[in-house]
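Visitor: Each chain, written out:
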Amino acid sequence: MWAILVKEMIQMRRDRVTFAMILTIPIMQLIVFGYAINNDPKHLPTAVQIEDNSSISRTLLSALQNSEYFSFIETANGKTKSDDLIRQGKVSFILTIPAGFSERLIRGEHPQILLEADATDPVATANAIAKFQLIIEHALAQEFKGPLSYLASQESATEVIILPHYNPEGVTAFNIVPGLVGVILTMTMVMITSMAMTREVERGTMENLLAMPVRPYQVMIGKITPYILVGAVQTLIILIASHFLFAVPFIGSLWILSIGVGLFILANLALGFTFSTLAKTQMQAMQLTIFFFLPSILLSGFMFPFHGMPEWAQVIGEGLPLTHFLRIIRGVMLKDTDFNDLAPEFMAIAIFLVVVGTLAIKRYRQTLD
Amino acid sequence: MTELAIDVQQLVKRFDKKLAVDHVDLQMPRGKVWGFLGPNGSGKTTTIRMICGLLEPSEGKGYCLGYDIQSEQAAIKLATGYMTQKFSFWEDLSIRENLEFVARLYHLKDAKNLVSKTLDSLGLASRQQQLAGTLSGGWKQRLALAAVTMHNPQLLLLDEPTAGVDPQARREFWDQIHLLASQGMTILVSTHYMDEAERCDHIVYLADGKIITQGTVQQIILESGLVTYRSNAENIRELAPLLRQQETVEHAAYFGAALHVSGPDKTALYNTIKRVAPDINWLEVETTLEDTFIALTKRAGLNKEHL
Numbered sequence: 001m002w003a004i005l006v007k008e009m010i011q012m013r014r015d016r017v018t019f020a021m022i023l024t025i026p027i028m029q030l031i032v033f034g035y036a037i038n039n040d041p042k043h044l045p046t047a048v049q050i051e052d053n054s055s056i057s058r059t060l061l062s063a064l065q066n067s068e069y070f071s072f073i074e075t076a077n078g079k080t081k082s083d084d085l086i087r088q089g090k091v092s093f094i095l096t097i098p099a100g101f102s103e104r105l106i107r108g109e110h111p112q113i114l115l116e117a118d119a120t121d122p123v124a125t126a127n128a129i130a131k132f133q134l135i136i137e138h139a140l141a142q143e144f145k146g147p148l149s150y151l152a153s154q155e156s157a158t159e160v161i162i163l164p165h166y167n168p169e170g171v172t173a174f175n176i177v178p179g180l181v182g183v184i185l186t187m188t189m190v191m192i193t194s195m196a197m198t199r200e201v202e203r204g205t206m207e208n209l210l211a212m213p214v215r216p217y218q219v220m221i222g223k224i225t226p227y228i229l230v231g232a233v234q235t236l237i238i239l240i241a242s243h244f245l246f247a248v249p250f251i252g253s254l255w256i257l258s259i260g261v262g263l264f265i266l267a268n269l270a271l272g273f274t275f276s277t278l279a280k281t282q283m284q285a286m287q288l289t290i291f292f293f294l295p296s297i298l299l300s301g302f303m304f305p306f307h308g309m310p311e312w313a314q315v316i317g318e319g320l321p322l323t324h325f326l327r328i329i330r331g332v333m334l335k336d337t338d339f340n341d342l343a344p345e346f347m348a349i350a351i352f353l354v355v356v357g358t359l360a361i362k363r364y365r366q367t368l369d
Numbered sequence: 001m002t003e004l005a006i007d008v009q010q011l012v013k014r015f016d017k018k019l020a021v022d023h024v025d026l027q028m029p030r031g032k033v034w035g036f037l038g039p040n041g042s043g044k045t046t047t048i049r050m051i052c053g054l055l056e057p058s059e060g061k062g063y064c065l066g067y068d069i070q071s072e073q074a075a076i077k078l079a080t081g082y083m084t085q086k087f088s089f090w091e092d093l094s095i096r097e098n099l100e101f102v103a104r105l106y107h108l109k110d111a112k113n114l115v116s117k118t119l120d121s122l123g124l125a126s127r128q129q130q131l132a133g134t135l136s137g138g139w140k141q142r143l144a145l146a147a148v149t150m151h152n153p154q155l156l157l158l159d160e161p162t163a164g165v166d167p168q169a170r171r172e173f174w175d176q177i178h179l180l181a182s183q184g185m186t187i188l189v190s191t192h193y194m195d196e197a198e199r200c201d202h203i204v205y206l207a208d209g210k211i212i213t214q215g216t217v218q219q220i221i222l223e224s225g226l227v228t229y230r231s232n233a234e235n236i237r238e239l240a241p242l243l244r245q246q247e248t249v250e251h252a253a254y255f256g257a258a259l260h261v262s263g264p265d266k267t268a269l270y271n272t273i274k275r276v277a278p279d280i281n282w283l284e285v286e287t288t289l290e291d292t293f294i295a296l297t298k299r300a301g302l303n304k305e306h307l
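Listed in order, the protein sequences are those of chains A and B. Following UniProt numbering, the numbering of the first sequence begins with 1 at its first residue and continues without gaps. Following UniProt numbering, the numbering of the second sequence begins with 1 at its first residue and continues without gaps.
Honestly, the hints are just simulated from the structure, not real lab data. Keep in mind it's a predicted model, so treat the numbers as computed, not measured. Any given hint could be a false lead.
What the hints assert, rightly or not - Result set (DSS-like, lysine-lysine): computed pairs, CA atoms no more than 30 Å apart in a straight line:
(1) Lys86(B) - Lys280(A)
(2) Lys280(A) - Lys223(A)
(3) Lys223(A) - Lys112(B)
(4) Lys223(A) - Lys117(B)
(5) Lys61(B) - Lys210(B)
(6) Lys17(B) - Lys117(B)
(7) Lys210(B) - Lys32(B)
(8) Lys112(B) - Lys86(B)
(9) Lys131(A) - Lys42(A)
(10) Lys81(A) - Lys42(A)
(11) Lys17(B) - Lys109(B)
(12) Lys18(B) - Lys266(B)
(13) Lys210(B) - Lys362(A)
(14) Lys61(B) - Lys362(A)
(15) Lys298(B) - Lys86(B)
(16) Lys109(B) - Lys280(A)
(17) Lys90(A) - Lys42(A)
(18) Lys86(B) - Lys266(B)
(19) Lys86(B) - Lys18(B)
(20) Lys86(B) - Lys223(A)
(21) Lys298(B) - Lys18(B)
(22) Lys362(A) - Lys17(B)
(23) Lys61(B) - Lys112(B)
(24) Lys17(B) - Lys61(B)
(25) Lys131(A) - Lys81(A)
(26) Lys131(A) - Lys90(A)
(27) Lys32(B) - Lys61(B)
(28) Lys7(A) - Lys210(B)
(29) Lys362(A) - Lys86(B)
(30) Lys145(A) - Lys131(A)
(31) Lys32(B) - Lys17(B)
(32) Lys7(A) - Lys18(B)
(33) Lys280(A) - Lys18(B)
(34) Lys266(B) - Lys17(B)
(35) Lys210(B) - Lys266(B)
(36) Lys266(B) - Lys223(A)
(37) Lys18(B) - Lys274(B)
To be verified - Taking CB as the label site, the calculated pair distances span:
(38) Asn40(B) - Trp2(A): 16 to 22 Å
(39) Gly256(B) - Val6(A): 38 to 44 Å
(40) Lys17(B) - Met286(A): 43 to 49 Å
Glycine is no exception: its CB is placed at the ideal position from the N, C-alpha and C atoms.
Using the sequences and the hints given, assemble the complete structure.
Guide: Next comes the structure, spelled out in structure tokens:
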């Protein structure tokens with residue numbers, strides 16, 4: 001037993017790359033994820049539609065802002081505009097304080113205050129929604145002093161209305177299942193291609209391939225095309241399951257989603273191919289895949305609310321194709337977001353594809369040097 | 001068309017600081033079978049890889065079939081066939097699938113028919129559906145040779161093609177090589193086996209990255225100037241270490257149960273063996289290629305671990 005232990009230690013020490021990865025990656029991830037992941041997302045982008053210009057309204061706004069749950073980034077006016085903002089994914093909430101709110105409040109008529117929420121990700125908005133009424137009541141309690149003290153005795157001075165859009169029942173599966181398409185595609189596509197080339201090297205067939213008249217781009221296209229099909233079949237299976245097993249709605253255009261899926265598969269395949277030019281063994285290729293996969297699920301908004309992360313983590317997240325694909329698939333399936341609104345997401349994945357694809361071809365060596 | 005199949009000058013290859021190939025000049029005419037000989041690590045594989053465009057030379061220049069080995073690798077790959085040292089076809093593809101893959105890569109016309117013909121001529125037709133990985137060493141070599149010759153290359157580079165193959169399969173493999181040569185193919189083959197080297201028109205002997213000597217088998221043996229005595233005596237094993245220490249003995253090596261003792265000076269050698277082993281019968285024999293190579297390797301200043 002001792003002999004085997006010693007031999008394993010020697011081999012582990014010799015494979016420096018693997019050894020370094022085993023030690024450094026978990027530490028890096030511990031730090032990144034430890035600070036980035038937050039299940040109590042704050043600073044959620046909110047649009048305000050204020051039709052009542054009064055000191056009470058202003059008090060309510062500043063109370064909401066101070067709570068840190070809401071971050072007012074837009075001013076909405078009119079129903080159409082506000083709907084757009086949620087559908088495009090620009091804001092998570094729209095707060096409406098209707099005209100005459102403060103007058104009706106003073107008259108004790110329990111005026112309504114409206115919070116519309118993007119409920120596609122129920123987890124992301126749940127805490128903010130839960131705290132909303134409390135914040136409003138606290139803020140009003142501060143106002144109900146002096147001449148308005150008679151209002152303080154009332155149970156509830158306002159009627160808070162929460163209107164969850166797109167997923168009113170807050171079914172988590174509606175958010176998770178479309179996201180799974182992206183997660184499963186990321187995992188399988190990157191892994192399969194990253195192993196495909198290192199396998200040739202490990203088995204010694206690479207030398208043979210290099211000795212034959214074939215160009216790098218031909219190898220790359222030839223290697224990844226079969227997997228585009230595999231990815232398409234996977235997507236189809238998950239979509240069918242999402243309809244029949246989880247009853248996830250699909251209200252948008254299948255056509256837009258297809259472009260998104262195709263682009264996303266290509267981006268992941270190109271990345272896998274790049275990994276295979278970096279890794280010397282299949283083991284290393286596997287580690288690189290996991291190294292990429294973890295931030296993809298943790299920082300993309302799949303598992304944890306994107307807006308809940310600190311800004312630097314959101315910047316990393318924006319660099320991951322999964323982040324953009326999640327916006328596309330959730331947008332199309334749950335909100336019928338149109339192509340124009342999703343254009344920035346398509347563009348982001350396309351840029352990733354071009355950069356990584358170029359890198360892959362540049363890194364692919366035509367000689368054994 | 002250039003006269004020379006291979007024409008390289010002052011070829012050097014360094015891996016980090018290690019000098020693998022040290023200023024090699026090689027001019028090989030078309031239509032010949034040339035042998036690359038040398039101990040392990042002598043630079044045979046590296047030189048072949050540079051010739052077929054798989055490695056970039058650190059220094060020097062060269063042409064393979066008239067194409068520059070540093071800038072026209074694509075043309076070289078089309079016109080040559082290269083068989084690697086280790087079996088490097090796809091073990092999870094069948095014999096036919098492997099050949100069809102290669103045929104498509106070279107854009108060969110009527111690939112299916114061509115593959116069928118190739119299978120027939122190599123005697124692999126009955127096993128075409130078998131996975132390449134399940135073949136024995138000898139059959140794997142046949143498959144590899146079939147695959148690298150299907151596009152009818154002008155030059156065939158074979159890197160230790162018969163390593164680990166049984167004698168019968170080796171013999172058949174060489175018959176195939178001679179058949180290809182008779183059809184006009186130029187062949188450069190590296191090997192460890194003396195009997196294989198003797199089948200070549202011309203031998204290039206490499207040691208430590210340098211060409212030590214080259215020529216026909218007879219030329220090389222003659223040029224070495226070695227005289228060899230042989231003995232079958234029973235107690236010869238006890239005397240071998242002592243003989244090796246003698247100045248006039250260049251090498252003393254076993255050939256089966258017999259001991260060959262070689263040296264450059266016939267009289268001095270005879271006197272030495274008679275002095276060290278007076279009671280033993282010695283017979284002067286023709287110096288073999290193997291005797292020559294053992295002596296050459298020693299002269300090249302290589303220690304025994306290279307052998």
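Visitor: Would the pair Lys32(B) and Lys17(B) pass a check requiring their Cα atoms to be no farther apart than 30 Å?
Guide: Given that 30 Å is the threshold and the Cα spacing comes to 35 Å, the pair is violated.
Visitor: Holds or violated: are the alpha carbons of Lys18(B) and Lys266(B) at most 30 Å from each other?
Guide: With a Cα-Cα distance of about 39 Å, the restraint between Lys18(B) and Lys266(B) is violated, given a limit of 30 Å.
Visitor: Is it true that the C-beta distance of Gly256(B) to Val6(A) lies inside 38 to 44 Å, as the hint says?
Guide: holds, 42 Å
Visitor: Below or equal to 30 Å on CA atoms is what counts here, so check Lys280(A) against Lys223(A).
Guide: Distance ~18 Å between Lys280(A) and Lys223(A) Cα, so the pair holds.
Visitor: Is it true that the CA of Lys362(A) sits at most 30 Å from the CA of Lys17(B)?
Guide: Roughly 26 Å separates the two Cα atoms, so the pair holds.
Visitor: Sort out whether Lys81(A) lies within 30 Å of Lys131(A), counting only the CA atoms.
Guide: Given pair Lys131(A), Lys81(A) holds - Cα atoms ~26 Å apart, limit 30 Å.
Visitor: Given the proposed pairing of Lys86(B) with Lys223(A), does the C-alpha separation stay at or below 30 Å?
Guide: The given pair, whose Cα atoms are some 23 Å apart, holds under the 30 Å limit.
Visitor: Taking only the CA atoms, is the gap from Lys223(A) to Lys112(B) under or equal to 30 Å?
Guide: holds, 22 Å
Visitor: Is Lys298(B) within 30 Å of Lys86(B), Cα to Cα?
Guide: holds, 28 Å
Visitor: With the threshold set at 30 Å, check whether the alpha-carbon distance from Lys17(B) to Lys61(B) stays at or below it.
Guide: At roughly 20 Å apart (the allowed maximum being 30 Å), Lys61(B) and Lys17(B) satisfy the hint.
Visitor: Is the straight-line distance between the alpha-carbon of Lys223(A) and that of Lys117(B) 30 Å or less?
Guide: holds, 29 Å
Visitor: Taking 30 Å as the top limit, are the C-alpha atoms of Lys61(B) and Lys112(B) close enough?
Guide: violated, 39 Å
Hints 6, 11, 12, 13, 16, 18, 23, 28, 31, 34, 36, 37, 38 and 40 from the earlier list are contradicted by this structure; the remaining hints agree with it.
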